[in-house]
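**Q** Okay, here's what each chain looks like letter by letter:
There are 2 protein chains.
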Amino acid sequence: MPELRKDPVTGRWVIISTDRARRPSDFLREKVVPQGGFCPFCPGQEDRTPREIMAYRPNGGAPNTPGWTVRVVPNKFPALGIEGELARRGEGMFDKMNGIGAHEVIIESPDHMQSLATLPLKGVEDVLWAFRDRILDLKKDKRFRYILIFKNHGEPAGASLEHPHSQLIALPIVPSYVREEMDGAKAFYGQKERCIFCDIIRQELQSQVRVIEDSTDFLTVAPWAPRFPFETCILPKQHESAVENSPSGHYEGLARALKNVLGKLNQALESPAYNLVIHTSPVMESTNDYYHWHIELMPKLTKVAEFEWGTGFYINPTPPEEAAAFLRDAHVD
Amino acid sequence: MPELRKDPVTGRWVIISTDRARRPSDFLREKVVPQGGFCPFCPGQEDRTPREIMAYRPNGGAPNTPGWTVRVVPNKFPALGIEGELARRGEGMFDKMNGIGAHEVIIESPDHMQSLATLPLKGVEDVLWAFRDRILDLKKDKRFRYILIFKNHGEPAGASLEHPHSQLIALPIVPSYVREEMDGAKAFYGQKERCIFCDIIRQELQSQVRVIEDSTDFLTVAPWAPRFPFETCILPKQHESAVENSPSGHYEGLARALKNVLGKLNQALESPAYNLVIHTSPVMESTNDYYHWHIELMPKLTKVAEFEWGTGFYINPTPPEEAAAFLRDAHVD
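Protein chains in written order, with this note's numbering: chain A, 3 to 335; chain B, 3 to 335.
Please note that the accuracy of each hint is not assured.
Since the list gives no way to pick one copy over another, a pair counts as held whenever it fits inside one copy or between any two copies.
[Claimed, not checked] Heads up, simulated DSS-like pairs for lysine-lysine below, C-alpha to C-alpha not over 27 angstroms straight-line:
#	residue 1	residue 2
1	Lys142	Lys8
2	Lys144	Lys194
3	Lys188	Lys8
4	Lys144	Lys98
5	Lys78	Lys188
6	Lys8	Lys98
7	Lys144	Lys33
8	Lys194	Lys141
9	Lys239	Lys144
10	Lys194	Lys8
11	Lys194	Lys142
What the hints contain is simulated information worked out from the structure, not anything from laboratory work.
With the sequences and hints as input, model every part of the structure.
**A** See below:
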């Protein structure tokens, strides 16, 4: 018998179907393996990207030259323009504004063949520090209300270049999927005076069935009502509303949690494409008691998970308890 | 300069990017052309499907034999089970219920090689009547709160069989994308005492720039803030909250509007895959003044529109005014 489960934060119902394909081997997918070849993100090609915004150069060196470990550049084909006024206005009953925003690329390593799963721990930690540096800088720009950090890994997940990179988009609006989570979290807080994510963490730690990894400061789980097979979530165990507010002592632990879960996905699902999104509080309410930042990770498994297309309603053939068991058991070096 | 536009019903902001690919020829896509071959939905194969729920047989004949024009059968691999109690219950702070529901397939024509765009008008109209017959029947089952009708056309859109068919899922919950639209429409009605969709129709008819086709009873438009290139919407011009409440005199006009816009998409985009979803009121509030049923149609154009993956935030490279102009000009026989 399939089950209908309600996401406690957004109120979204999902069908967890147990009669269909569900084990890792039941999914068709493309193995993501870097091929190499010419790449504008590789060292020595610094003039192929727009001029860098920042870079980590542990041994020094001039901007836009090799020697960096992490490098941030404007997206060459930005979805939004950085210059200008928002000019919020109506067109009859409709609302619009200029598409002002920042669209940046975080090049995660000089090594084309690496990924967040294979980089040394320090390399992953540096990527997280780069996220924080960029967020703190962009928050100074009063036009921006939300800073969205995400990663498309592999072509099936939408990546157009294989060199390891993440993206950042600073927006003058709060995306509706964030607004929904904020609304749900606020409503819960209004009733209970507790953060709903903190409650979820307590319950997941007690039941253990959806826990993938439990470390000192972070918890990796398969969520109660996942939309996609092998969807996973990394949460800080102590309440923290925005990722950039994380104490500096947490970065190594977060890097390890991220590297571990990606290694487990690679092992269990044979290096799948995936999307990663950091869910964090909007700029104007970045310190609050009701919202709890987290990372959502969605492997892109084709052919089976396509029910959602267009309907906005999800059927997930893999119960999160089974996904968690597979990933718990997946061996990471 | 790209533009940020707000969907007036859901409040969702979308980036309408004008600097990227945007003309029909800029999109990669797979042309959907039926190949034929063995098919369980073809006449003579009636015993390959579960026993039929209903069928139109203009010349009579026994159930589960050839001679039908439209045939409705249970989905052989249903996402939900039809038998049993809902058994709503909690698991700590989480909520769930049994996955009870109906999952049916509407086989739209005995002819494997046809589609809604190529069927005679009467054939399309019969499909719409079949939708209504099934909705009216399923509404009697007090376990169901929403009846979702959708169509995946072509493999890239999630269709697993090429014989023309739609699907129906009766659900004991209201999907969250419907709840969002209902909430937005109710809030607008609370302020204005007018249906927001009726206001949209009036404004679109006045400005004309996003109108694709305007007929006696239906309006086909490219919406103000579309998520996807060439997304289109068919609305009844007179207020009607639920599709099954449509006056019988409207079915021919709706069939023509649907056939025409699909023909135009085929012509402008070379027979793309697409998803079609009927947005209608939930069973328990099927007659109301604030929600207005409509059809959403999303061509599946690959490689460009993939930004959304995982982020829940949309960048659309084709302004709806340009999409509407292309589709207005597309010639349909």
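**Q** Each of the hints needs a verdict: does it hold here or not?
**A** Verification of the supplied hints:
1. Lys142 - Lys8: between (37 angstroms within a copy, 25 angstroms between copies)
2. Lys144 - Lys194: neither (33 angstroms within a copy, 33 angstroms between copies)
3. Lys188 - Lys8: both (17 angstroms within a copy, 23 angstroms between copies)
4. Lys144 - Lys98: within (18 angstroms within a copy, 42 angstroms between copies)
5. Lys78 - Lys188: Classified as neither; 38 angstroms inside a copy, 42 angstroms across copies.
6. Lys8 - Lys98: between (33 angstroms within a copy, 6 angstroms between copies)
7. Lys144 - Lys33: Answer is neither: 42 angstroms inside a copy and 46 angstroms across each miss the 27 angstroms cutoff.
8. Lys194 - Lys141: neither (31 angstroms within a copy, 37 angstroms between copies)
9. Lys239 - Lys144: neither (31 angstroms within a copy, 42 angstroms between copies)
10. Lys194 - Lys8: within (19 angstroms within a copy, 33 angstroms between copies)
11. Lys194 - Lys142: neither (33 angstroms within a copy, 38 angstroms between copies)
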